[in-house]
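Trainee: Build out the structure end to end from the sequences listed, making use of the hints.
Going letter by letter, the sequence shown gives residues 7 to 194 in the working numbering.
These are calculated hints, taken from the structure and not from any lab test.
Now the in silico label distances, taken between C-beta atoms and shown as ranges:
1) F170 x G126: 45 to 55 Å
2) L39 x R97: 10 to 20 Å
3) M8 x G159: 20 to 30 Å
4) D163 x K122: 48 to 58 Å
5) G159 x L55: 41 to 51 Å
6) V36 x L191: 23 to 33 Å
7) L178 x L55: 19 to 29 Å
8) I134 x A167: 40 to 50 Å
9) S77 x E189: 21 to 31 Å
10) L55 x T142: 24 to 34 Å
No experiment lies behind these values; they were computed from the predicted model shown. Backbone N, C-alpha and C fix where the C-beta goes; we use that ideal spot for every residue, glycine too.
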Amino acid sequence: DMLFVLANALTGGSNRGLSATAGIMLGGAVHTLNGAIGVGLLMHFVPVLFTPLLIVGAAYMAYIGISLMRSSITVGDDGPAGSRSAWKAFRQGLVTCLINPKAYLFILAVYPQFLKPAYGPIWMQATIMGLLTVATQAAIYGGLAVTAGRSRGLLVDNPRATIFAGRAAGLLLFGVSIFTAWEGLRAA
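Mentor: Structure representation (structure tokens):
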């Protein structure tokens, strides 16, 4: 998620980075809902679903990585097309978050420890955890988006550096996807 926000902010400015952040925040809220209604139970009763989910997530990360490596990213001003780019960044941020296998592992590992009837209504606990998740994502990813968006000015005069940064981010994302798929298949 962090690399996705960084790539969007560097190539499309703070607006696009913040749009990606908003998509990831919505994905975080959906993860919270999943945790509250029983992702742990689903994985307990149908564990065969975890590996395909992990592979789909890795394939999507690979797709984004390859797209970044193949593109000739340029840094320009945010014109009228910026709104379409922002909307696309939002949607991709949401999908990236929703199919992120690490997010599901986090939900499986952490939420059952905190969502307990002895602490009060589950919906209230899940709401608090969801708000904390979204607030943390807003602070960390939003701060990264603004900082990287402001750094764009350094790249405007150096298109080669911009292309290199985009391709390096794509290569890194592709590498992470291969590692994720490898670990998922190895553990299966």
